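Protein chains: 2
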Amino acid sequence: MHDFRLLTPGPTKLPEQSRLALARQVIHHRSEEFRQLLAEVLEGLKYVFQTRNDVLLLASSGTGAMEAAVVNLVPPGRKAIVLESGKFSERWRKIAEAFGIEVVKYEVPWGEPFEPAEVARLVEKHSDAVALYTTLQETSTGVAHDIEGIARAIAGSNTLLVVDGISGVGAVECRTDAWGIDVLVAGAQKGLMGPPGLAFLSVSPRAWRQVESFSRPAFYFDLLAYRRGLAGPDTPFTPATPLVVALCESLRALRSVPMEEHWARCRALGAAARAGLQTVGMKPVARRPADGMTAAYLPAGVDGKAFVARLYSRFGVRVSGVKDSLRARLFGLPILGR
Amino acid sequence: MHDFRLLTPGPTKLPEQSRLALARQVIHHRSEEFRQLLAEVLEGLKYVFQTRNDVLLLASSGTGAMEAAVVNLVPPGRKAIVLESGKFSERWRKIAEAFGIEVVKYEVPWGEPFEPAEVARLVEKHSDAVALYTTLQETSTGVAHDIEGIARAIAGSNTLLVVDGISGVGAVECRTDAWGIDVLVAGAQKGLMGPPGLAFLSVSPRAWRQVESFSRPAFYFDLLAYRRGLAGPDTPFTPATPLVVALCESLRALRSVPMEEHWARCRALGAAARAGLQTVGMKPVARRPADGMTAAYLPAGVDGKAFVARLYSRFGVRVSGVKDSLRARLFGLPILGR
Chain G
14 MHDFRLLTPG PTKLPEQSRL ALARQVIHHR SEEFRQLLAE VLEGLKYVFQ TRNDVLLLAS
74 SGTGAMEAAV VNLVPPGRKA IVLESGKFSE RWRKIAEAFG IEVVKYEVPW GEPFEPAEVA
134 RLVEKHSDAV ALYTTLQETS TGVAHDIEGI ARAIAGSNTL LVVDGISGVG AVECRTDAWG
194 IDVLVAGAQK GLMGPPGLAF LSVSPRAWRQ VESFSRPAFY FDLLAYRRGL AGPDTPFTPA
254 TPLVVALCES LRALRSVPME EHWARCRALG AAARAGLQTV GMKPVARRPA DGMTAAYLPA
314 GVDGKAFVAR LYSRFGVRVS GVKDSLRARL FGLPILGR
Chain C
14 MHDFRLLTPG PTKLPEQSRL ALARQVIHHR SEEFRQLLAE VLEGLKYVFQ TRNDVLLLAS
74 SGTGAMEAAV VNLVPPGRKA IVLESGKFSE RWRKIAEAFG IEVVKYEVPW GEPFEPAEVA
134 RLVEKHSDAV ALYTTLQETS TGVAHDIEGI ARAIAGSNTL LVVDGISGVG AVECRTDAWG
194 IDVLVAGAQK GLMGPPGLAF LSVSPRAWRQ VESFSRPAFY FDLLAYRRGL AGPDTPFTPA
254 TPLVVALCES LRALRSVPME EHWARCRALG AAARAGLQTV GMKPVARRPA DGMTAAYLPA
314 GVDGKAFVAR LYSRFGVRVS GVKDSLRARL FGLPILGR
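Chains G and C supply the protein sequences, listed in that same order. Using the working numbering, count along the first sequence one by one with no gaps and you end on 351. Using the working numbering, count along the second sequence one by one with no gaps and you end on 351.
Think of the hints as simulated: they come from the structure by calculation, not from any bench. Hints are all accurate, no fakes.
Which stretches of chain C does chain G cover? Using the computed rule of at least three CB atoms under 8 Å from a CB of chain G, they are: (1) 24-35; (2) 63-77; (3) 106-119; (4) 196-209.
Here are the simulated distance ranges between beta carbons: (5) G:S269 to C:E46: 30 to 38 Å; (6) C:A322 to G:L243: 21 to 29 Å; (7) C:V293 to G:S44: 20 to 28 Å; (8) C:R165 to G:R48: 39 to 47 Å; (9) C:E225 to G:V315: 35 to 43 Å; (10) G:N171 to C:R48: 40 to 48 Å; (11) G:S269 to C:A191: 51 to 59 Å.
With a cut-off of at most 30 Å between alpha-carbon atoms, the simulated DSBU-like pairs for lysine-lysine come out as follows: (12) G:K296 to G:K26; (13) C:K92 to C:K118; (14) C:K107 to G:K107; (15) C:K100 to C:K26; (16) C:K92 to G:K107; (17) G:K100 to G:K118; (18) C:K26 to G:K26; (19) G:K92 to C:K107.
Computed from a predicted structure; not experimentally measured. Glycine is no exception: its CB is placed at the ideal position from the N, C-alpha and C atoms.
If we strip away everything but chain G, and leave its shape as in the complex, we get (with noise of 0.2 Å):
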């Protein structure tokens, strides 16, 4: 008799209109119909991240996009920095090291955040390094990342500065041009209350012109051709055209309130959600926690399969459950208008 309530920290449930908006007849992707939709979509996008950078739009899962950001901007046997801290921020250095290029690696402990000063540090050490690969909000931990500071820290360097955004872009504060984040890479399934399947990175001009410095191993994901693309706007290959039309109206409910009192709005959830699990003994992950999602060790004795198996059986409520080295978790995502 419960309302299934799905708390993962991603998928997000679908608001209603971006539901009906699924079942619409499909368009063709090459009509003024799907132009006009698109454009609208990319200049959504741009308000959400906060900048005036070309912003693309990929058929593809987050990871497609992190790739994006890897190989156009870094060529075979060239290195990049990339800060590790769990599962996901981890993904940088595996897709790097799929195309021979050179991992510089900083590691903290899963639940720590990094330091911006070390990060200051390594980039000078490494001043070679073509680009320095982060996360704003580490899924794995609930982590959320000084990416400010990171940002204010490296700031002279010419090492780019590349942001995987996907699970807080939306939900928590991130202003690409005013921090200086030179690709930013989202996915239309957190904060952005879309269904998966598409995603999207922001290019600053000097990242653009990394892109157009070498010829990358890339064809699908070969940002020059989504570049072409945006006079259109239009998309190189066959766009995943409902999701687009979906996302459109998730944009427009997110933009009914400003960016500042939705983050606000966000942050609050988050204080809630922390300050709601420790009363019921369970503690944060965390040392910096995030406000778009919560992970949490359940109290000893508890198990965690278990746990998560009836919460959905018996409450309707769904979230994600243990993973690699941490012991038992908990996830929510508080996102506009539930």
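Fit chain C to the supplied structure of chain G, relying on the hints for placement.
Quick look at chain C alone, frame taken from chain G:
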């Protein structure tokens, strides 16, 4: 007052039940509910592909699966044969070149089919070619290539046969196992009557042996990651869940009649479309015409762009118009249930 009729060679209109499925609340992809759904979809795809080989599902457009079929089979510096006769078969070459693969090109004029005997000679001459890339239905010309004949002609060789079936699979006869296709690529939004944003490929045991034999420049399209997921079944990255839910309904509709009966119906519709076009002075482009779609030249003096626009504004019929080197074209994909 006219009903909207989407008659492009993809995307096609979605069956009612698939649209309603899209509107359901998003489910979590790491759940038993999704695993059951994915298992049914993969089983349905095997049936449509007429194969017992593994079939993998990607969150991307068809081009993403084409890229996967290139980077996972042919190491950079090694040789591939590409059969070219239009915009989409050209794409095989462009992908291979982007990844530093040596391409041997066999080209026939647009509108012409490949000669199996010529293909056999080419494969014999280039016995060091790892794979041969060809196309079931060339969307830019409406040619049906003789995949059965090509497969028979090169059957004794070590060269893997890879077929882009994106615009035909589901609508026209294509027997993966009986003909001996090592890798068949398809997209959801054409003959399968699903929404755009999903792509698939089947992989034969000898193609898997080639995949396992080298380290590929791939992460999002690394097929070994997708194969590891088959045990769940699961996907290595967040799938486009709503699209999978909708495709499941489309596949149920497709499977409601035997495959042979469905192919026969599409053959009849294709023949009817060509006959109808000829009575109003349009000439099919293809010498060996496909049944899953039709491309035709407009009569002299008719402005292609204006014709396509008027067909939509006056009759609600959406077709694809002029492209690349051909003067003007009409497309129509006859599909189940309309």
